[in-house]
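K.L.:
Here is what each chain is made of, one letter per residue.
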Amino acid sequence: MNKDVKVIKVKNLCKKFGDFTANNNLSFEVSKGEIFGFLGANGAGKTTAIKILCGLSYPTSGEISVAGFDVYKQREQLKRNIGYMSQKFSLYEDLTVFENIRFYGGIYGLSKEVIHRKADDLLKKLDLQHARNKRISSLPLGWKQKLAFSVAIFHNPEIVFLDEPTGGVDPVTRRQFWDLIYEAARGGITIFVTTHYMDEAEYCDRVSIMVDGKIEALDTPAKLKEDFNAGDMDQVFLALARTATNVE
Amino acid sequence: MNAGISIENLSKRYGSVQALKHINLDINSGELFGLIGPDGAGKTTLFRLLATLLLPDKGGARMGDIDIVGDYKQIRNLLGYMPGKFSLYQDLSVIENLEFFATVFDTRIEDNMDMIHDIWVQIEPFKDRLAGNLSGGMKQKLALCCALIHQPKVLLLDEPTTGVDAVSRSEFWQMLKSLKSKGITIVVATPYMDEANLCERVALIKDGEILQVNTPQEIVDQFERKLYAIKSDDNYQCLLDLREFEFTNSVFLFGQTLHYTDVRKEFSLEEVNSYLKSKGHLNLEIEHVKPGIEDCFMALSTKADGYE
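Just so you know, the sequences run in chain order A and B.
So the first sequence is numbered by my numbering: it starts at 4 and just counts up by one.
So the second sequence is numbered by my numbering: it starts at 4 and just counts up by one.
Bound-form chain A, shown alone:
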């Protein structure tokens, strides 16, 4: 992690839908290569904030830059420099493994040669060469998730946003997935991740916890546990989230 380089800068981010304030004055920065956990109960406002950071929705107010690009004026450049993966949407089920890679590579403007070379490396690394021409729908969930992550960082983005990437995945595969995350972070890619698994919160360099649209806590897992006099992140989370009044 390079603490001198901030790839996400958020200052006083507000987002309102009518009378409802979904994001209430969020301020934080994320360093290059950092694994940043973005936690909060359902309805706390996580998805709203992620959409803004990905250039898919305008904030109501605030100064926000992602990968050096302004979220009001430079959304197209921003999108080219980030990756995104969620459990709900990741790969096209009725395309093959290679077709998905080619599609994403093409979207991000990589040349045919680069796509072929990188696809070979990727399939070798994931031990998926035998599945190159298989449809995504025929793969086990664990393979899909690992492939989806690799595709999300195929164009070597500054930042990758992971929205509950490991839901429902078996515990061994979940850890293999985190191996990929650590490896990407070491390679300088910033990881912005949401999860409902509190043990995964421990794997993050820093964690923020949102309650009712505000960031109520932001620090390293060790410091948060100390501050809340808690044995693990689950207790920290419950102590904060139980104060919530927004029920989606």
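No wet-lab data here; the hints were simulated from the structure.
Warning: the hint list may mix true and false statements.
Stated by the list, open to error - Once the Cα atoms are required to be at most 20 Å apart in a straight line, the calculated SDA-like pairs of lysine to any residue come out as:
| hint | chain 1 | residue 1 | chain 2 | residue 2 |
| --- | --- | --- | --- | --- |
| 1 | B | Lys209 | A | Lys6 |
| 2 | A | Lys228 | B | Lys209 |
| 3 | B | Lys209 | A | Phe31 |
| 4 | A | Lys6 | A | Phe31 |
Stated by the list, open to error - Which bits of chain A does chain B cover? Going by a derived footprint, with three or more residues having C-beta under 8 Å, they are:
| hint | segment |
| --- | --- |
| 5 | 44-53 |
| 6 | 73-80 |
| 7 | 111-122 |
| 8 | 239-247 |
Stated by the list, open to error - Listed next, with one range per pair, are the computed distances between beta-carbon atoms:
| hint | chain 1 | residue 1 | chain 2 | residue 2 | range |
| --- | --- | --- | --- | --- | --- |
| 9 | A | Lys14 | B | Ser14 | 52 to 62 Å |
| 10 | B | Gly283 | A | Leu59 | 20 to 30 Å |
| 11 | B | Asp114 | A | Phe106 | 53 to 63 Å |
| 12 | B | Lys268 | A | Leu59 | 52 to 62 Å |
| 13 | A | Ser140 | B | Ser90 | 16 to 26 Å |
| 14 | B | His120 | A | Lys14 | 42 to 52 Å |
| 15 | A | Ala225 | B | Glu11 | 25 to 35 Å |
| 16 | B | Phe108 | A | Gly191 | 56 to 66 Å |
| 17 | A | Ala225 | B | Ser90 | 54 to 64 Å |
Each residue gets a CB set at the ideal place from its N, CA and C atoms; glycine is no exception.
Knowing the structure of chain A, use the given hints to seat chain B on it.
P.N.:
Only chain B this time, still in chain A's reference frame:
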């Protein structure tokens, strides 16, 4: 009545995928039983078979003395089923959904209010809202009310807590405990290993097979090796280094530590310590810890996959 479930040699295949492989399982009447396993393990298939929505290829099951194939109509009356995917009518209101399910089972809401009262009061303020406009936690509560409105003896819950935050999850388990006190047999599927401890007994299931059935306590008591939690300034590098260590049996990230088992029965921790020191690790902490259900699941599933 006896509302236990006995499953014998149950198998189901979809095309080339063997979803369930000769499952044998007995669930006691009035038990809170957990099916613990990842996506693709076969939990949903097992529920659909028990709910008489699929026919088994081989084997069968009974609830009390009622057969799931021959007496499927009786089964449907004594069973409440909450599928994993929200399956209420999104364009009906909360109260309309509940009335619909009551009518289908030829009963009335008022006659069954004692059964659902504690859950119903939490969603009653929203009774005229369309079900499609409810939050995740509220949908879950409505689905539970609809599954309970005909006073079933057996309740099947397919991943009721998946994608639900930690607070709502703990509330949901509170509701299950109070339902259990009414004598209902409850079978709940979950991919969250920590929820196993909230069940009386659990089956660990993966790839269509049951790895183990027991109380959560006995499952952890049967863990075969000594388990150590290791912490360093750089846990990820420590993980990579331990994978290269000649005596490593298994090493996994586990919250703020790594969980390590050694291939040897007797060994000196100092050896592990000095190996890691030679790799440049600072502030090492190594301590013996008790395994949890997740440790057991990983040990059993890697064994089943032939990694050991």
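K.L.:
Against this structure, judge whether each hint is valid.
P.N.:
We went through each hint and held it up to the structure:
For the proposed pair Lys209(B) and Lys6(A), the alpha carbon gap of about 42 Å is over 20 Å, so the pair is violated. Under the criterion of a C-alpha separation no larger than 20 Å, the hint pairing Lys228(A) with Lys209(B) is inconsistent with the structure, at around 34 Å. For the suggested pair Lys209(B) and Phe31(A), the alpha carbons sit about 41 Å apart, so the restraint of at most 20 Å is broken. Restraint check for Lys6(A) and Phe31(A): satisfied, since their Cα atoms lie roughly 13 Å apart, inside the 20 Å limit.
Beta-carbon proximity to chain B at under 8 Å applies to 3 residues in the segment 44-53 of chain A; the threshold of 3 is reached and the given coverage holds. Using a Cβ-Cβ cut-off of 8 Å, 0 residues of the segment 73-80 of chain A lie near chain B, which falls short of the minimum of three, so the contact claim is violated. Using a Cβ-Cβ cut-off of 8 Å, 0 residues of the segment 111-122 of chain A lie near chain B, which falls short of the minimum of three, so the contact claim is violated. Counting residues of the segment 239-247 of chain A whose CB lies closer than 8 Å to any CB of chain B gives 5, which reaches the minimum of 3, so the coverage claim holds.
For Lys14(A) and Ser14(B), the Cβ-Cβ distance of about 59 Å falls inside the hinted range of 52 to 62 Å, so the restraint holds. For the pair Gly283(B) and Leu59(A), the beta carbons lie near 43 Å from each other, so the given range of 20 to 30 Å is not met. A hinted range of 53 to 63 Å for the beta carbons of Asp114(B) and Phe106(A) is consistent with their spacing of about 56 Å. For Lys268(B) paired with Leu59(A), a C-beta distance near 56 Å keeps the hint of 52 to 62 Å intact.
The hinted range of 16 to 26 Å is satisfied by Ser140(A) and Ser90(B), whose Cβ atoms lie roughly 22 Å apart. Separated by about 49 Å at the C-beta atoms, His120(B) and Lys14(A) satisfy the suggested range of 42 to 52 Å. In this structure the supplied range 25 to 35 Å is violated for Ala225(A) paired with Glu11(B), their Cβ-Cβ distance being about 51 Å. Distance hint check: the CB atoms of Phe108(B) and Gly191(A) are about 59 Å apart, consistent with the given range 56 to 66 Å.
At roughly 43 Å, the beta carbons of Ala225(A) and Ser90(B) sit outside the given window of 54 to 64 Å.
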